[in-house]
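S.K.: For reference, the chains in residue letters:
Number of protein chains: 2
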Amino acid sequence: MAKILRIDMGNQTVQWQDVEQKYHQLGGRGLTSRIVSDEVDPQCHPLGPNNKIVIAPGLVSGTSAASSGRISVGGKSPLTGGIKESNAGTNWAQIAGRLRIKAIIIEGMPQDDTWWGIHISNEDVTFFNADEYAGKGLYDAYPKLFEKYGSKTALMGIGISGEQKMSMAGICFSDKENRPSRFAARGGLGAVLGSKHLKFIVVDGQGAPGVEIADEALFKQGRKKLTDALMNHDVTKPGGGLNSYGTAVLVNILNEVGGLPTRNFREGRFKGAGKISGEAMSELCKKRGGVGKMGHGCHNGCVIQCSNVIPDKDGNELVSVIEYETTWALGANCGIDDLDAIGTMTRMCNDMGIDTIEAGGMLGVAMEAGLIEFGDSKGAIKLLEEIGKNTPLGKILGNGTEATAKMYGVVRCPTVKGQSLPAYEPRVIKGIGMTYAVNPMGGDHTAGYTIASEILGAGGKTDPFDRDKAELVRNFIYTTAFIDTSGHCLFIAFAILDIPTGFEGFVEECNGLLGTQWTADDVGRIGKEVIDREIAFNRAAGLGVADDRLPEFMKYEKVAPHEGLWDITDETLDSVLA
Amino acid sequence: MAKILRIDMGNQTVQWQDVEQKYHQLGGRGLTSRIVSDEVDPQCHPLGPNNKIVIAPGLVSGTSAASSGRISVGGKSPLTGGIKESNAGTNWAQIAGRLRIKAIIIEGMPQDDTWWGIHISNEDVTFFNADEYAGKGLYDAYPKLFEKYGSKTALMGIGISGEQKMSMAGICFSDKENRPSRFAARGGLGAVLGSKHLKFIVVDGQGAPGVEIADEALFKQGRKKLTDALMNHDVTKPGGGLNSYGTAVLVNILNEVGGLPTRNFREGRFKGAGKISGEAMSELCKKRGGVGKMGHGCHNGCVIQCSNVIPDKDGNELVSVIEYETTWALGANCGIDDLDAIGTMTRMCNDMGIDTIEAGGMLGVAMEAGLIEFGDSKGAIKLLEEIGKNTPLGKILGNGTEATAKMYGVVRCPTVKGQSLPAYEPRVIKGIGMTYAVNPMGGDHTAGYTIASEILGAGGKTDPFDRDKAELVRNFIYTTAFIDTSGHCLFIAFAILDIPTGFEGFVEECNGLLGTQWTADDVGRIGKEVIDREIAFNRAAGLGVADDRLPEFMKYEKVAPHEGLWDITDETLDSVLA
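If you read the sequences in order, they're chains A and B.
When the letters of the first sequence are read in order and numbered with this note's numbering, they come out as residues 1 to 578.
When the letters of the second sequence are read in order and numbered with this note's numbering, they come out as residues 1 to 578.
Treat the hints with care, as some may be off.
To be verified - Within a straight-line C-alpha distance of at most 27 angstroms, the following computed DSSO-like cross-link-like pairs (lysine-lysine) qualify:
id, chain 1, residue 1, chain 2, residue 2
1, A, 313, A, 271
2, B, 378, A, 378
3, B, 378, A, 389
It should be emphasised that the hints constitute simulated quantities derived from the structure, not laboratory data.
Every value quoted in this text rests on a predicted model; they were computed, and no experiment measured them.
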């Protein structure tokens, strides 16, 4: 039976606990949000002794289910002040699943300044002193730790941003080649780990018993159906859009739509879009050769493989990965059209353990404030360096978009619940704007990726400008919460929306694993339960419906070229998840 | 008939408007909060084009009523995110009243960077270019402006903190001798004026028609009763506590009680208390002579005269005024026991247009963060200088206690609704803690000064530790809202609580002025209406009951010497103003 590993950072002790009945059918986000709701006082200080970090692999993470290596991290967010779940694709999730770790709960905080690491294997759980890695980059630390603990382990860690308790700090997981590159990036949970002085968790899967599966035959049947669907959908199949160009395949598409936020959300179209697109990355890989590679996978067993390795001028590795959100945030949103500069900044973010969306949002606001000009990539790199140096300016920037706007009196601050908005212009694509506004996580596209319908036509194309989308948004948000619970990558959404057997397989997989008899209705029901619980936490934490709003400037500043305004009424917003 | 002066900063135009019926019986806080509620979208950005600043003299301000020279300033606060009313005692209020200005509404914002001043007289309203004063201190600007416009005018202005839209920026009014020293300090309304590029408003009372009084005889009768009460109450009479030692008479009293927050609310008693007390100030004035003076009045016609002029070593003016809150904030709360250093810092705050409570709260947190040591007065002065230099560090500090705590990851952050707590330890004096928590203004003692009962015994002594105070707090909060509406100084509370004819006189004064037949019940009713309206604004702005809480650390950190914890339940708090 899987267990819960409870870690007390106050005295560096651990306890393996049986899983309560109420948690049995939960994993990933469903489980982290449930435990956070059960154990964390919504009014606690996010960086104080009463916040906790909960880490949970998805239900099927660690099995052979396709593209299911997601790990969820939850807690009270220092960025939004509400509940947070952030997830990443990494072998770490799979090893944790195979070690039969249902969840890890990290609580308490040490009295002294020692930095700690934790090593978890099938044999035991041990603490190690991590002081030697403090204040240094993750590109320095990760190879050393893998050398010490073995290349087949997987690593979770925080960078200097987390050590400094900055709200931009994500949690960094290793990818298949042990790079520090897969992030549970959003919401500043790295700062919470920093407050608990926990730098790393190494998981070692040697001798792990593997995930328990109640009905192997049903599980395999479901897995096959879902895998087939993924392998056949245009978006996710080998040689399809994501595989060929990575997530940045969206750059040109969104730019064409006029929905690519540019220069701190001043415009919806960026002249330099082509230069920072997935197509440009693919071209770069071909031209420069060397280690450059599109169609890279973030964890074993992913059939989509939308990651990449971006080469520098000499064909050596510049960075992995530049996602769509990253090339947008550090690119279009800053008026920067130089992939090498974007790659350099991405690497800096990885090294410091920083969410690239928040970094790009912050840089856009810093440019708005006049610290540097839009388009000044050298200046942007210097600003990121300030974070690493931990100067007062670095403190401001490292605390994110809203902190920077607040300190510099910038009104055009593109955040919801304090979290930087992602790469889709809500005044043009209304459904995603509604998702930003009402989902419990703050400005977040992955919470209800209506772009799948509004731009890519999955599950039926909807008009981006159409405002009658409460139901669409609701369905996406609930279904997503279930996908995030299952441990699958969100990108299975295309295949399960468009291919009925894909959806069938998805549900059968879960039923096979748990021995349940869930139907399609249960997906929505369980997703709703997760969301309702998250909202209840937020309400108790002080986030009310007035926080379910886009920034005011979007109501009075039109965005070119479509001259769109944010015009969804409060009543409509309040109806989405009511 | 009094009028409303509406000023559009977008195009620098003004309009005199008739007063709507619903505003007739309101003044001061009652009027600013009513107009803000009616005209400002609670969800607007405080520094954006849709916020407004409303300035209103109290009902009797400008009459011969004793101690009634209060001016209220309202708007949406950039510090708390809620509605704000902050008031000051100044001849400015009296001149505005005599000019029959019911309220000034400042809206819009200019497109360019010009700084503006406004001159208001009985003849006309004119704009003047104030660029020459921008970036300079108020001790530089005020004498020049008085020279230009005449020494009998009165001045309102913002300093460089307001220009920089820092949340610590108050609004500075001139005192009787035209110093920049009387502040509507709290809540960052100076930043809102900064966002509108309005530096100064000069009011010139020459030829002013005076306040209209409906029933002169009744008004005079009331005035006499209230004045007599003020002149006979131990706290407010000539030679009484406030007059002899200023508001800082409270230092030793609170220290004795163990309720003087010390070193960022780590302790409740300060060894150096005696050195920063009102008695020490009085001693200093006697010893150094020169211009030093206790028993100074902030505006003409005040019978209490609790202000002071603090001399430097040579008997020249160091600063006016060091209030109790100021000597606590910049003194005990920072572990500083040097009156000269406190005076220097107070002068710097006046010069930069800064709230001294927020400044002291911020310094305490900066010390907590390790920027300087507790007790390091030279270091504290240097930190304040950073604000003036507008460095990144200055940006952080200038945005106040919570911003500083956020940027430096400090958990022991003594704020409510983002506003720094004043000089009374809530774990020891429960009623004032409840006031801090639930009143709509954020951490604020003047919103319901239960200290009058809990420490000074006015209206009947209550035990500071007693937790059964919902009714006491409620009554104080409602009555205060009415006093703030009347235009009287809050310090009339002692006389009206303890001397029945004082209270009678207070109500008769208002009835005489307005021609109303209010009774004692109406005081509570009208006060409640003001508070209910403010709370409704806050709720719509996103401040819910979860924001009606003291900082979490007070629930788990005991405060010496009484080892008090904050132990008022949420249910009790929610019952106070329900």
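S.K.: Each hint needs a verdict: does it hold in this structure or not?
M.R.: Hint-by-hint comparison with the structure:
1. Between residue 313(A) and residue 271(A) the alpha-carbon distance is near 24 angstroms, which keeps this suggested pair within the 27 angstroms criterion.
2. Of the supplied pair hints, the one linking residue 378(B) and residue 378(A) is violated, its CA atoms being roughly 37 angstroms apart against a limit of 27 angstroms.
3. For the given pair, residue 378(B) sits about 26 angstroms from residue 389(A) by alpha-carbon distance, which is consistent with the 27 angstroms threshold.
Consistency with the previously given hints fails for number 2 only.
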